[in-house]
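Undergrad: As a plain string of letters, each chain reads:
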Amino acid sequence: MTLLDTVLRFLLGGAIVSAFAIAGELFTPKTFAGIFGAAPSVALATLSMAYVSQGGAFVAEEARGMILGAVAFVAYATVSMLAVRRPGTRVWLDAIASWLLWLAVAFSLFGLWRRWA
Amino acid sequence: MPGANLDGLMKAAWWEHGVRFLFGGAVTVATGAITSHYGPSVGGLFLAFPAILPASITLLKRHDGRSEAAQATAGARLGATALIAFAAVVAYLASRASAALTLTVASATWLSAALVLWWLIYGRDSRSLRRRRSR
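Chains as they are written, first to last, in our numbering: chain A, 1 to 117; chain B, 118 to 252.
Just so you know, the hints here were simulated from the structure itself, not pulled from any lab data.
There's no promise every hint is true.
[What the hints assert, rightly or not] Listed next, the stretches of chain A that the computed footprint assigns to chain B, with coverage defined by at least 3 CB atoms under 8 Å from CB atoms of chain B:
1. 1 to 13
2. 27 to 39
3. 57 to 65
4. 79 to 86
5. 102 to 112
Since this is a predicted model, take the numbers as computed values, not measurements.
Built from N, CA and C at the ideal position, the CB exists for glycine as well.
Work out the full structure, taking the sequences as your base and the hints as a guide.
TA: Now the structure itself:
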């Protein structure tokens with residue numbers, strides 16, 4: 001990655017993530033607003049730049065990996081939801097600990113995909 | 118029914134918006150670095166990494182309480198399920214269509230899938246609540 005590429009990536013990613021975060025604060029009820037907490041913000045920034053620099057076939061390969069990452073995100077959100085509902089837990093600690101679950105699910109699925117693909 | 122409330126924007130302090138911008142930018146740069154180093158398949162996994170959600174939930178719990186934070190996480194689960202559809206559309210269209218068309222169709226698919234899921238799970242509740250109130 002060149003310095004220009006890194007700066008563009010940073011600005012684009014920051015802007016899209018912020019836009020979806022604002023959308024999340026704007027809407028009610030919270031079950032609806034929460035949808036924007038899992039918006040494809042980083043994906044839109046990254047894939048639009050990959051299209052320009054690497055082409056469509058590269059983007060398709062990234063998107064196939066993203067399908068597995070998204071399945072892991074569903075598992076992450078489910079566990080986070082159950083943890084946040086429990087009284088007395090530290091929300092930020094539970095949410096970050098659930099990252100380990102995301103990594104485990106995502107890389108397990110990736111291993112299975114690599115074995116059978 | 119979903120609605121918009123401009124007061125929600127005033128709850129977050131200016132520095133919280135700044136932190137989100139910095140964090141979003143940093144995660145996007147990190148994802149690009151992972152892709153450069155490990156290739157598009159591993160990099161693709163991290164396009165659906167829940168990087169921003171922990172900060173959002175933590176801020177929401179501070180501003181609105183635990184119950185609201187739990188509801189937002191339940192909504193995020195629907196958004197994450199719709200991300201699978203987003204990625205599948207990009208995987209199919211990327212080699213066949215332009216960047217603008219692919220990302221527009223994929224984003225529209227994500228939003229539509231999330232809205233349908235929300236309506237199926239929570240929309241019925243709000244309709245029956247309205248019916249009960251009108252009686």
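Undergrad: Taking each numbered hint in turn, which are not upheld by the structure, reported in ascending numerical order?
TA: Violated hints: none at all, because every hint is consistent with the structure.
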